[in-house]
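Trainee: Sequence:
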Amino acid sequence: MFLAQLPAQSPQLPDLPPGPSLDRVRGPIEIPPYEPWQIGVMVTLAVLVLGLLIWGIVRFLRTRNNRTQTELPHLTAITELNTAAELTTEDDERFAVLSSLALRRYFETGKGIAALGRTSREFLHALDRHPQINPRGTQLTH
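Residue numbers (numbering that gives the first Met the number 0): 0 to 141.
Everything hinted at is true.
The list that follows gives simulated cross-link-like pairs (lysine to aspartate or glutamate, EDC-like), each with its CA atoms no further than 20 Å apart:
1. 110 x 121
2. 110 x 70
3. 110 x 127
4. 110 x 79
Estimated spans, in silico, between C-beta atoms of each pair:
5. 75 x 124: 18 to 26 Å
6. 12 x 32: 42 to 50 Å
7. 59 x 25: 56 to 64 Å
8. 131 x 99: 16 to 24 Å
9. 96 x 63: 28 to 36 Å
10. 29 x 65: 52 to 60 Å
These are computed hints drawn from the structure, not numbers from a lab. Glycine included, each C-beta is placed from N, C-alpha and C at the ideal position.
The whole structure should be built from the sequences, with the hints applied where relevant.
Mentor: Here's what the structure looks like:
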């Protein structure tokens, strides 16, 4: 136990040399997550993908609309005339209006003659000039 009671002498360490001064220490350097050219490529790809998506949706809707089966124009007109006759048994004026509208729709969809946005006079004049309705070109009496 005698050795444990002796005072311990630690060797003296030499002084540290002078280190760098903290006057010239800079903050951390910020590195952006993406370069400008990378952002440009991503934006271009996003616009391209969005454009292709819109184009695909429009094309799908157009083909879906083209696939729908439509009735023949003359059958639709006959159905409208029959409905007009059933709805207006006592009202001749309403029957005239509904039957005129049915015939105008028939000429618009079946024959390609613009009839819905025209007055009666303009419509009859268009019928005079239409080769399918008036093949000889003679004037119909109005």
